[in-house]
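**Student:** Once you have looked at the hints, place chain P on chain D.
If you're matching them up, the sequences are chains D and P in order. Just so we're aligned, residue 1 is where the first sequence starts under full-length UniProt numbering, counting upward by one. Just so we're aligned, residue 1 is where the second sequence starts under full-length UniProt numbering, counting upward by one.
Take these hints with a grain of salt, some might be off.
What the hints assert, rightly or not - Which stretches of chain D does chain P cover? Using the computed rule of at least three CB atoms under 8 Å from a CB of chain P, they are:
1) 227-239
2) 303-316
Stated by the list, open to error - Straight-line C-alpha distance at most 30 Å; calculated DSSO-like pairs for lysine-lysine:
3) P:K501 to P:K293
4) P:K120 to D:K225
5) P:K22 to P:K253
6) P:K22 to P:K369
7) P:K387 to P:K369
8) P:K391 to P:K373
9) D:K225 to P:K60
10) P:K9 to D:K225
11) P:K9 to P:K60
These are calculated hints, taken from the structure and not from any lab test. Bear in mind that the values here come from a model prediction, so they are computed numbers and not experimental data. All residues carry an ideal CB built from backbone N, CA and C; glycine is no exception.
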Amino acid sequence: MNPILSIILKRLLIGFVTLWIVTIIIFAAIELLPGDIATEMLGQAATEESLAAFREKFDLNRPVHERYFSWLGGAITGDFGISLANQRPISELIGYRVGNTFFLAGYAAAIAVPIAVVSGMLAALYNGSVFDRVLSSSTLAAISFPEFFIAYILILIFSVGLGWFPSLANVDVEMGLGERLYRTFLPAMTLTLIVLAYMMRMTRAAILNLLALPYIEMAHLKGIKRWRVIAVHALPNALAPIINVIALNLAYLIVGVVLVEVVFVYPGLGQILVDAVSNRDVTVVQAACLIFAATYILLNLLADILSIIANPRLLHPR
Amino acid sequence: MTDLLLEMKDIRIEGRSDRQWKPIIKGVNLTLNRGEILGLIGESGAGKSTLGLAAMGYTKGGCRISGGSIHFDGQDLVGASNEALRQLRGARIAYVAQSAAAAFNPAYRLIDQYCEAPVKHGVMSRADAQSDAVELYRKIRLPNPEDIGFRYPHQVSGGQLQRAMTAMAMACRPDLIIFDEPTTALDVTTQIEVLAAIRDIVREYNTAAIYITHDLAVVAQMADKIKVLLRGEEVEEAPARDMLANPQQDYTKSLWAVRDFRRAPPAARHVDEGPLLEIRDMTAGYGAVDILKGINLTITRGSTVAVVGESGSGKSTMARVVMGLLPPSSGSLHYNGAALPKSGKQRPRDLQRHIQMIHQMADTALNPKHRIKDIIGRPLEFFLGLKGRAKDVRIRELLTLIELDPDEFINRMPSELSGGQKQRVCIARALAAEPDFIICDEVTSALDQLVAEGILRLLDRLQREMDLTYMFITHDIATVRSIADEVVVMQNGVIVEQGAKETIFSPPHAPYTELLLSSVPEMDPDWLAGLLKERGAMVTSEEQL
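For reference, chain D alone in the conformation it holds in the complex:
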């Protein structure tokens, strides 16, 4: 078998095993929370009958492993159970919000990734120049601020001051793509500013690492233009670390949007997660955790596979 295929299959297998272990951890962690869920939800004043009815309704009387497997089985088919707080099916509650969160993360990534890679290459090309330093320090400044701070600054400038973009990103299902992009521009910019620095710096560092190598010197000695040396000779060999940091940041985009969504009142997962945590709505928290974990694992899996493919030694075996 082609070695690359077997490596990828192995990675896939490991990825799914990891995901499965994560489901156990999430389920167990919630089980271990102190206190009785029924009492917590219904309050100290609840009667024995109403507590029993609550437990019956949410299957709390069955043994742990049975509940785990029925939860897992449901989760795989997209049914995360029923919200403890408002008794509605969780999938109905979070379905379109998950979509919104992925949309916002994708939007931010579509802006951030190209800018990060190109500016990282430019910084490597003009290494040590004023341009390089300004870029490095300004992106570093951007990640040094918490996201809600950046969000408010952007609102202050572009919404309150200039009035170009709305401060609330209240989208709904019927909205067209253009309108949606317009309304979510500020949250997307906030996220872009946060993830840009890591990706840009990694691109720059990965390329600079290569510049002392003989084949880069060789390219210079062949009289190749400097920009081409960076883009054509260095970048393809620097892809593996760049892909990995991009994947990590994309995963962060999805998981880390919580605060930004709250600031912009954006109907994504973040808002509902904050509500669920304050309500002790355990089943919703479980579902959100699982979605976040799956995103992290799948994105990293994808990054792994892409960096394997980016290695010519594996792609073109002897």
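**Tutor:** Positioned in the frame of chain D, the structure of chain P alone reads:
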């Protein structure tokens, strides 16, 4: 065609270290006519590569041309703009690097890299460049010239890569090529083919060349004239034949003399005592692949057994087996009459102490974060339980033994040592365990000839004083001639011939030994031509493999 192509006058190059500029090249003059080949020789650090690159108007990062002038075909390179230099490089002056494996971009096929310069310099179209590449690949005697270009660098052998790189340098038919130690990393048998290919193609296109090497015998085959460099200064320059026959300067003579080191017959060989190490019918490998097949070898106490062969012949794997790093899949090892456990972990510490190893790359064998005293002190503590003052005294003794001043070196970091000094520290570390048997794995291969000779003399002296036994792994026949008592010739994981040095080195030889011995370059400038004529069809031996 004797008109002037390159003229460097009083060229000075500085490198930046410790926040100040230090001279690397201290006023060297160099002239080169069209079609002429200049051999540039000297030890590492002499400034050969720096001078060679300066002929392209190029300096490595952290270096600058601080004085003098360089004129290439009438054009001033020192004052030229970056853009003007870029247009020259690759088109009219090309470069062939030492390690072709590192100098080819791993992400692209050979032919893509070949075509890049001609297409980007506007010399020819991609299609023309591609068919031209096939033509040059054929001229330089690469196997399957039509297809080889479509392989990636890692899919091609080192000797073939080096030829492909020479072809790539030829792509724009430059007036001048800088060859920077193009065969240093190759086996002797491969080196010959690359040398012949380079020489023929350079002559065919009447290309001028600067051929940089530290190997005198190689330069003797290639150059019309030779320039000797020492610490950034010219020692002397003369036509090749004059220089070889009659070097004027003491330094040049000392370089010439290195190859004559011969060790005196061993003081104490204990032939009657029974073997120190015995390997019986041993097979070993990684995974399902057997690297070593049916190895039988006995080593007498107090002797030096040289293991020779090309890279990939299994020499280092044998060292790993003896060290217990790689348990063999079958066969047995006996040390001092007793069975030696296959895995090093199963060996008692005292037995581990008896067998020590010195590695090829002293650079990577020393922990860069440890001081010399810690590096040498560790085996003293681990094997002999020495502590405090006793350990300190012993470290000083060992440093004296390897001819390094204890007061000066005991607190240094490895980065503050030269290559030869580092290798000496590695020797001291092996000696610290008070071993009987030391495996030397290519210990002089990365060193200059003069430094290497010093290491060989040191090892020889230590052997006499401490009654050591060496297994000396090397691919360098000259080293074998100087130090071995017995020789083991390996090829593809099998011992093809073994015996006393005198027997192995005098005819008749086994066929592979013959090939190996005859491939070692000799100082005679006509040696290569003569050998190739003699071998005739054998030139293509690499292709048949």
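**Student:** Now tell me if each hint is right for this structure.
**Tutor:** Status of the hints after comparison with the structure:
no., hint, result
1, 227-239, "holds (count 4)"
2, 303-316, "holds (count 3)"
3, P:K501 to P:K293, "holds (23 Å)"
4, P:K120 to D:K225, "holds (9 Å)"
5, P:K22 to P:K253, "holds (28 Å)"
6, P:K22 to P:K369, "holds (26 Å)"
7, P:K387 to P:K369, "holds (21 Å)"
8, P:K391 to P:K373, "holds (9 Å)"
9, D:K225 to P:K60, "holds (17 Å)"
10, P:K9 to D:K225, "holds (29 Å)"
11, P:K9 to P:K60, "holds (20 Å)"
When the structure is compared with the earlier hints, no violation turns up for any of them.
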